[in-house]
Amino acid sequence: MALINIATHEIHCKIVYYGIGYCGKTTNLQYVFKSINPKARGEMLSIATETERTLFFDFLPLDLGTVHGFRTRFHLYTVPGQVLYERTRLAVLSGADGIVFVVDSQAEKFEENVQSIAELEVNMRRIGKDLGNFPFIMQWNKRDMPSALPVNVLERYLNRRRVPSFEAIACDGKGVFATLRAISKNVMAHL
Amino acid sequence: MEQLTNLVISDRELAFISAALNKLMNDTNATSVMLIDKSGQVIATQGTGVRRNATSLGALLAGAFSSSRHIAELLGEKDFRTIFQQGVKENIFTTMVEEQWLLVIVFDKLTHIGLVKVLSKKAADEMGRILERVRADTTRTKSSVINVQFRSSVEDTIDLLFRD
Ligand SMILES: Nc1nc2c(ncn2[C@@H]2O[C@H](COP(=O)(O)OP(=O)(O)OP(=O)(O)O)[C@@H](O)[C@H]2O)c(=O)[nH]1
Ligand SMILES: [Mg+2]
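Chains as they are written, first to last, in our numbering: chain H, 1 to 191; chain V, 1 to 164.
Hints were generated in silico from the structure; no laboratory data involved.
Ideal Cβ positions, reconstructed from N, Cα and C, are used throughout, including at glycine.
You can trust all of the hints, since none of them are fake.
Below, in silico cross-link-like pairs of lysine-lysine (DSS-like), each with a Cα-Cα straight-line distance of 25 Å or less: (1) 129(H) x 78(V); (2) 174(H) x 39(H); (3) 78(V) x 121(V); (4) 142(V) x 185(H); (5) 129(H) x 142(V); (6) 122(V) x 23(V).
If you want the ones that stay clear, here's a sample from chain V, every Cβ over 10 Å from chain H, calculated: (7) 75; (8) 81; (9) 86; (10) 91; (11) 122; (12) 130; (13) 132.
Full structure from sequences and hints, please.
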């Protein structure tokens with residue numbers, strides 16, 4: 001839920017990266033953190049296990065500076081993707097203004113991706129939001145992997161809602177900012 | 001329940017919020033108090049202890065509250081509205097304002113938890129009344145801020161900043 005604070009002249013929006021374990025959500029935020037103008041970002045917070053898997057969430061506050069008199073901020077979050085953390089994902093989704101669904105393009109992950117999207121649909125209904133009328137985009141990640149499925153197959157089976165989608169190799173930064181630009185604009189258009 | 005897409009807080013309401021937070025901080029002798037949205041965004045803070053880390057604290061406190069609430073739900077508890085985190089030096093008491101905001105009080109051992117519980121309940125009720133007005137004002141005030149020029153400037157800024 002975007003917060004527009006007229007008194008302090010601030011606008012805050014929350015964007016959540018969703019998807020299966022190991023698909024590259026944290027990698028997206030890490031790349032943004034290290035590549036964006038340092039003035040435009042705050043500290044990145046990661047609550048992770050000893051093996052670098054997200055346990056609770058990652059959090060990266062971005063600051064666009066003052067736009068038309070309003071300090072505009074985007075707060076990026078990732079959910080923990082492992083199946084075990086279903087309830088935690090629901091907690092992180094609360095109050096989201098936009099969602100990036102990160103897909104692991106590898107054929108052996110196909111089934112898991114399908115289940116994760118179905119779970120997201122259910123979770124959105126639980127928090128009273130309709131994904132059909134909500135800032136929502138797809139990222140086809142891990143395009144460099146030998147077993148990556150063709151994009152048209154991913155589009156057909158994983159993008160039933162025909163939302164905008166972006167190919168990515170998050171560990172090399174490819175597609176990371178294109179994805180972020182698209183979801184940010186989408187969120188602003190919905191304000 | 002359908003969640004709101006946004007919430008607009010005016011000068012007037014922020015002044016009421018700040019006054020209520022200040023009163024709560026003084027009456028309980030707390031070190032800091034905060035009002036955050038359940039999405040983790042900070043609405044207002046009072047006291048020096050939290051200001052520097054307010055953004056991260058907001059995200060973490062909202063996350064902690066939300067996950068505690070899910071724990072309670074799994075254990076069959078229906079009406080879960082507060083959490084108390086006890087430390088060696090500082091304690092944190094968090095209470096819900098309706099289903100939308102969280103009121104957070106940070107206090108040390110000079111303050112008794114009983115006092116915090118009672119006074120935070122009163123303050124939360126007052127915040128609830130302010131929230132009502134914020135909700136009522138939201139649709140009216142939004143269009144004055146989010147206009148065509150604002151939208152196109154934001155798009156330009158996004159293109160400028162969100163790149164390698
Ligand atoms: N080859 C390849 N590896 C990637 C790509 N994106 C991320 N990775 C790697 O995949 C691994 C997992 O990435 P994370 O970003 O930690 O995955 P996550 O989605 O946050 O996983 P959870 O926290 O468990 O939900 C890391 O070793 C990344 O370097 C990609 O596009 N191609
Ligand atoms: Mg992660």
